[in-house]
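S.K.: Residue 786 is where the first sequence ends in this note's numbering, and the numbering goes up by one at each step.
Incorrect hints may appear among the rest.
SDA-like cross-link-like pairs, simulated, lysine to any residue; straight-line CA separation at most 20 Å [stated by the list, open to error]:
1. Lys650 with Leu550
2. Lys650 with Lys606
3. Lys606 with Ser582
4. Lys390 with Phe692
5. Lys553 with Leu577
6. Lys510 with Phe468
7. Lys650 with Tyr690
8. Lys737 with Glu769
9. Lys650 with Arg481
10. Lys723 with Thr693
11. Lys624 with Ala575
12. Lys433 with Phe409
13. Lys536 with Gln478
14. Lys536 with Arg481
15. Lys593 with Val532
16. Lys599 with Ser583
17. Lys536 with Ser582
18. Lys619 with Glu586
19. Lys624 with Asp572
20. Lys777 with Val704
21. Lys766 with Arg720
22. Lys553 with Leu580
23. Lys650 with Arg473
24. Lys518 with Ile607
25. Lys384 with Lys606
If you're looking for bench data, these hints aren't it; they were derived computationally from the structure.
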Amino acid sequence: MCFSYTQIVFNIPRGTRDFTPEDMQKRRYLEKSMSDTFNSFGYGEVQTPMFENLDLFTAKSGEGIIDEIYSFPDKGGRNLALRPELTAPVMRFYVEKMQMEPKPLKLFYFGNCFRYDRPQKGRYREFMQAGCELIGTNTPEAQAELIAMAYKLLENAGLKTITLSIGNLNILSVLFEKLGLSKENQKYLTPLIDKSQFEDVYDALVDFNVKPKDATAFLEILQSSDVEKISEYLKDNEIVKKELNDLKIITGLLENAFDVKDYEIKMSIVRGLDYYNGLVFEIEAPCLGAEKQLCGGGAYDLIELFGGRESPTSGFAIGFDRTLIALETEGYKFTIPQLDAYLISVNEDVLEKTLEIAQMLRKQKITTDVDLLRRGIGKSLKYASSINAKKAIIVGPKELEQDSVTIKNMETGDQEIVKIKDIVSKIK
RNA sequence: GCCCGGGUAGUGUAGCCUGGUCAACAUAUGGGACUGUGGAUCCUCUGUGGCGGGUUCAAAUCCCGCCUCGGGCCCCA
359 MCFSYTQIVF NIPRGTRDFT PEDMQKRRYL EKSMSDTFNS FGYGEVQTPM FENLDLFTAK
419 SGEGIIDEIY SFPDKGGRNL ALRPELTAPV MRFYVEKMQM EPKPLKLFYF GNCFRYDRPQ
479 KGRYREFMQA GCELIGTNTP EAQAELIAMA YKLLENAGLK TITLSIGNLN ILSVLFEKLG
539 LSKENQKYLT PLIDKSQFED VYDALVDFNV KPKDATAFLE ILQSSDVEKI SEYLKDNEIV
599 KKELNDLKII TGLLENAFDV KDYEIKMSIV RGLDYYNGLV FEIEAPCLGA EKQLCGGGAY
659 DLIELFGGRE SPTSGFAIGF DRTLIALETE GYKFTIPQLD AYLISVNEDV LEKTLEIAQM
719 LRKQKITTDV DLLRRGIGKS LKYASSINAK KAIIVGPKEL EQDSVTIKNM ETGDQEIVKI
779 KDIVSKIK
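Given the sequences, and given the hints that come with them, work out the whole structure.
M.R.: Written out as C-alpha cells, the structure is:
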C-alpha cells in the first residue's frame, strides 16, 4: 500500500438504532395508525424542539433526573438538554402560547426522546414517544375518553393482548392517612406497592407500628378490583366519595360507550412522579418481558408549576418502539410495499424513451423504477422479481416501432404488447 | 450504576471445552454462462474472528481490560 493510514471504524452510539427501509415501513405504518386514531378523537398534532432549557425538566421531575438526561452548555453558556420526555415541553408550549385557545384543548405528539440509561430490549437511549394532553377538563367522561383512546390506539394498531389497569392516587393517599403513615413512610412504601411486593409492604407496615389487622385490611383493598368493596372500606371519607363515584362512572362508560371491557381497577398503581394526582392508568403488553409497559398516564398538575393559570390536565405517553416490538412479537402482518412497475430498456438506444415513460407513469402516481445498471433482460427481470415489482415493462425497438411496450405480469408471467398511451390504464 | 450470558463475512450458523492439519458451510451482493424474457442451475469475484493487551514457538480457541448486544435489578416509555 502506498499510503499508510489508520482505518477508523465508526460505530453507532450505544443505545441508538439505524432503521432499514423495511423498519421504516413498519414505523410509518404505526405512526399513521396512531395519528389516525388521535385525529378520530378530535386531537391535533403539535411539535416542540428536540432540546429545551435544562431547567424545564428539573422543575418537573427534580434534580434527580439530571443523571439520565443528555445535557450540555451551548456556545452562549445556556444549559440545554435533549428532551427525555414530551409532557414538559408540550405543557411549556401550552403555557407560553396556547392558554387562550378554546377548551378543552386536545393535543397529540410524536417525538424522539433521549435518556442516558442502560439499554436493553425495548429500552434505548434514543426512543420514540407518542402521547397526548387533554387540557381544561377533568369530568369523568373526559377521563373515560382519554383511557379509551389510549386503549384504542394500541388496539387499532393491531395489538391483540394488552392489559389496562386503572388506579387513583387520591384514594391511595387517603388509604395511607387512614393508617396514620408519615410522608416519609409513604415514600418508602410506594416503590414496593408499585412492584406488587405486598409481603414486603406488610412487613414494613408492621415496622411502622400499624396494627396487623389494619395492615391486612389495607393490603386487601390495595389488591382489590372491586369498587364497592373499596367504597365500603372508605365510606366515612368525603374526599374519596367523589373520586370513587367518578371511577364508577368512568368504568361504566368504558364498558358501555367505548366497548373497553378488559380492564382492572388497581389501587396499587403509583407512577413514579409527584405531579400526578387522582386518576392514573397503565397499559402493558405481557408478551414483552421486563420492559412491558407500553403506556402510562393520568391526571396531573403541571400548568401552575410552569407559571400558567390553573386548569385541569390529563394525558398519557406511549412507548412507540415497545409497541412496535409487541406487534412484531405477536406476529402482526405488516404490509409489504410493492412497486407498480419496473422498466427495462432492451438497449442503450431506447434508454431515453424508457426514462420518459417512467416519468409519465410517476406523474400518474404509479410507483416506478428503472434499470440503472444496463443489465440484460434476464438479470433485470430477476431483480424486478426480488424487489417484489408487480409489473415489468420492457422497452425495446421492436415494440417502439408501433409506439408500444411489452408489459409482463410478474405474478402470472403473462405478457402483452400495449400502446404507450394505454400503459396507465392497463396498470391501474 | 449493579449481577449474569453472548459477540465468527451483509445475514444465518459450525469450530472454542481438548491452542497448530481451521477459518468452514449456507445464503445474499457484483460479474459471467445467457447480445430480447425472471424466481432454476452452474462458474466466478468480493467479504470474516468486536477492539486492545497478555500467555505461547503458535490464539477464533486460554487469561485480562474495554466496547457492545441480550437476560435480570434500578428506573421508567
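S.K.: Compare the structure with each hint and give your call.
M.R.: Structure-based check of each hint:
1. As the CA atoms of Lys650 and Leu550 are separated by approximately 18 Å, the hinted pair is consistent with the 20 Å bound.
2. Distance restraint check for Lys650 and Lys606: the Cα-Cα separation of roughly 27 Å exceeds the 20 Å cut-off, and the hinted pair is therefore not satisfied.
3. With a C-alpha separation of about 15 Å, the suggested pairing of Lys606 with Ser582 holds against the 20 Å cut-off.
4. Distance restraint check for Lys390 and Phe692: the Cα-Cα separation of roughly 13 Å lies within the 20 Å cut-off, and the hinted pair is therefore satisfied.
5. Distance hint between Lys553 and Leu577 is fulfilled; the C-alpha atoms sit about 13 Å from each other, no more than 20 Å.
6. As the CA atoms of Lys510 and Phe468 are separated by approximately 17 Å, the hinted pair is consistent with the 20 Å bound.
7. Among the hinted pairs, Lys650 with Tyr690 is consistent with the structure: their alpha-carbon atoms are about 17 Å apart, no more than 20 Å.
8. Proposed proximity of Lys737 and Glu769 is supported: the alpha carbons are some 17 Å apart, at most 20 Å.
9. For a cut-off of 20 Å, the pair hint linking Lys650 to Arg481 stands: about 10 Å separates their Cα positions.
10. Straight-line distance between C-alpha atoms of Lys723 and Thr693 comes to about 19 Å, which keeps the hinted pair within the 20 Å bound.
11. A C-alpha spacing of about 15 Å is found between Lys624 and Ala575, which places the hinted pair at or below 20 Å, so the restraint holds.
12. Of the supplied pair hints, the one linking Lys433 and Phe409 holds, its CA atoms being roughly 14 Å apart against a limit of 20 Å.
13. Only pairs whose Cα atoms come within 20 Å are accepted, and Lys536 paired with Gln478 is rejected, the gap being roughly 40 Å.
14. Note on Lys536 and Arg481: the hinted pairing is violated, with a Cα-Cα distance of about 38 Å set against a maximum of 20 Å.
15. For the hint pairing Lys593 with Val532, the CA-to-CA distance comes to about 11 Å; that is within 20 Å, so the pair holds.
16. Between Lys599 and Ser583, the direct Cα distance comes to roughly 17 Å. Compliance with the 20 Å bound is thereby established for this hinted pair.
17. For the hint linking Lys536 to Ser582, the alpha-carbon distance of about 17 Å falls within 20 Å, and the restraint holds.
18. Using a Cα cut-off of 20 Å, the hinted pair Lys619 and Glu586 holds, with the two alpha carbons roughly 18 Å apart.
19. A hinted pair counts as satisfied when its Cα atoms are at most 20 Å apart, and Lys624 with Asp572 qualifies at roughly 19 Å.
20. Proposed proximity of Lys777 and Val704 is supported: the alpha carbons are some 17 Å apart, at most 20 Å.
21. Only pairs whose Cα atoms come within 20 Å are accepted, and Lys766 paired with Arg720 is accepted, the gap being roughly 18 Å.
22. Restraint check: the Cα-Cα separation between Lys553 and Leu580 comes to about 12 Å, which is no more than 20 Å; the hinted pair holds.
23. Restraint check for Lys650 and Arg473: the C-alpha separation of about 18 Å stays at or below 20 Å, so the hint holds.
24. For the hint pairing Lys518 with Ile607, the CA-to-CA distance comes to about 26 Å; that exceeds 20 Å, so the pair is violated.
25. Distance restraint check for Lys384 and Lys606: the Cα-Cα separation of roughly 38 Å exceeds the 20 Å cut-off, and the hinted pair is therefore not satisfied.
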